[in-house]
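Number of protein chains: 2
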Amino acid sequence: MICVLTGGTGGAKFVDGLRQVMPPEEITMIVNTGDDLLWWGLYVSPDIDSITYVLSGLLSRERGWGVKGDTFLCLQAMGQLGEPTWFHTGDRDLAMHLLRSRLLAEGKTLSEATTAISDKLGVKARILPMSDSRVETRVDTPSGELSFEEYFVQRWYQDPVKSVRFAGATDAEAAPGVIDAILSADAVIIAPSNPVTSIGPILAVPGIREALRSARGKVAAVSPIIGNAPVAGPAGILMTAQGLPCSIAGVAKAYEDFLDLLVCDARDARAAETLRKNGLRVQCAQTIMRTSDDRMALARTVLAHTISGLRPEESNQSSADKSARAAADQP
Amino acid sequence: MICVLTGGTGGAKFVDGLRQVMPPEEITMIVNTGDDLLWWGLYVSPDIDSITYVLSGLLSRERGWGVKGDTFLCLQAMGQLGEPTWFHTGDRDLAMHLLRSRLLAEGKTLSEATTAISDKLGVKARILPMSDSRVETRVDTPSGELSFEEYFVQRWYQDPVKSVRFAGATDAEAAPGVIDAILSADAVIIAPSNPVTSIGPILAVPGIREALRSARGKVAAVSPIIGNAPVAGPAGILMTAQGLPCSIAGVAKAYEDFLDLLVCDARDARAAETLRKNGLRVQCAQTIMRTSDDRMALARTVLAHTISGLRPEESNQSSADKSARAAADQP
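Protein chains in written order, with my numbering: chain A, 2 to 332; chain B, 2 to 332.
A portion of the hints provided could be inaccurate.
Stated by the list, open to error - Derived CB-CB ranges, DEER-like:
#: 1; chain 1: B; residue 1: Arg217; chain 2: A; residue 2: Leu105; range: 47 to 53 Å
#: 2; chain 1: A; residue 1: Phe88; chain 2: B; residue 2: Ser293; range: 36 to 42 Å
#: 3; chain 1: A; residue 1: Asp120; chain 2: B; residue 2: Arg62; range: 37 to 43 Å
#: 4; chain 1: B; residue 1: Asp294; chain 2: A; residue 2: Thr292; range: 57 to 63 Å
#: 5; chain 1: A; residue 1: Arg291; chain 2: B; residue 2: Gly123; range: 58 to 64 Å
#: 6; chain 1: B; residue 1: Arg156; chain 2: A; residue 2: Ala117; range: 23 to 29 Å
#: 7; chain 1: A; residue 1: Asp120; chain 2: B; residue 2: Ala233; range: 57 to 63 Å
#: 8; chain 1: B; residue 1: Gly80; chain 2: A; residue 2: Leu105; range: 18 to 24 Å
What the hints assert, rightly or not - If you want the footprint, here are the derived chain B segments under chain A, 3+ residues with CB under 8 Å:
#: 9; segment: 40-54
#: 10; segment: 75-82
#: 11; segment: 102-115
FYI, nobody ran anything at the bench for these hints, they're computed from the structure. Only a predicted model underlies this, so the values are computations on that prediction, with no experimental measurement involved. Even for Gly, the Cβ is constructed at its ideal location relative to N, Cα and C.
Whole structure, please, built from the sequences with the hints as guidance.
In structure tokens, the structure reads:
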């Protein structure tokens, strides 16, 4: 069993490769819900949507979000009714939000709704929201505090970022199955998602970070940063705001208390060497995923260095390292 | 000011004519809400939708319901998610249901939501739901009691009908403005809608029938029955189930305590003569509305015989008649 922690866009690309190189039944996805929003009165969970769509083969590869071949007539009509239209929900995509909202209104948890929907779409991997509690990523800017989607989609991440917080995280619980999936996985993979606002909310849920430290399998992360820039999106700005360098060193730092292996781009060979000198295993690979082959190749590389590439003595070493780091982390 | 009591399909056609032959600002619509349903978790009000669409020029004339040129991709996607698809909501049409549902969830009344939406669509006529309370048309059949939309849309009105009731009507109140619109109108027109399940629910709201009896203007109805068959839909079956003959005599009987004028099809000239002998004013006209010209011509005829055709002495006579009938109706 493989456990993947992921956000939406970058994570979905990686997952698209992963599902094609291993049996999807053996993958558990733990998905960021910090971006969830009420949109037109519907509960939208952008990252769960992207992961569900990619695993059911419905994701638009052109856009990287939403349903392939979708149309936007309801959106147009909402605009004519004077409603906001900055968050683009397609007509087919609306079905997901309508069904989820109805299930939640009927008293189902987000986990239950997510399973019900992914089952209907024939998804064989397991998709778990990080939490059934509401945890909201809030981005503090000079214009005030924004939800992540306001910051990212509505305002095109143009605002300077002062800080990021995860409202509700302290009181949140990991969704059923999350902790166990991390602890028992043969490997845990952190997808090439934004460390601050895609993986950060997951790590902010009490118990998840601890589970990563205690995981029996290796924990690997794929860097979403190449050189000093993110592959896409606002990861750089957000990492800087959170005191992390925008580099693979910053990614390593974000995950330092549980990371066994960092997979970074081949262009970061020199920076990788520095990290290795500090004791981290780093594997260079082609991390830009332009084609389906790129996606599968990256997934194979990551798997090769986590499961099949695992040597018993390394495994023991790794566990000892993690315990030591976790112990050093205690107050 | 003209006040129109109406359901969806047949009523919408008539209203389409009316809005073109008089200033829409001078029309108040009182609309059946007995067909309202929760669909995919959204509050759908089929007759208010049709009337709003026809008055904003958005109604699909081909289908007679929904938005012209609409697509049904969300519906397809809902089907793929295993959700029911028998009630056809188009992608553009969904915007109406989404916005209304959100407004209701925020605590607005159905009247307020209806006004907000029709304002956004530039509707100049006033659209009032018959009531802000929930009144549900229930059709009793050998297969059990069905909602109107289940009976009509889902099951194609194939079930034998034992009876019809309006659940919640006893405790309902007419929506703000309804009673006053009836009492103060220069004429009240009952659109060629199903007397049992389109106009029946409106009349079942306490106070509305009494207001029609006391109205200062004439009350005219356009018959949706020609000969012994409805122009469209299940009106005949439903009238029979309620003990009304399926004929213009049945229509006259449904409205007998307040009706001043019945407008029926030219093909019913003989039946009209019989009704006249019994003291009812009956006007024959071309009531089948195939073209826009047909709709306008019928609207003009009805207006001519209610407002401009009204003679003072007739008016007094009419009021005296209505008072006498209302008095005779008291227990």
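Task: Numbers of unmet hints, in rising order - done: Those not satisfied are hints 5, 7.
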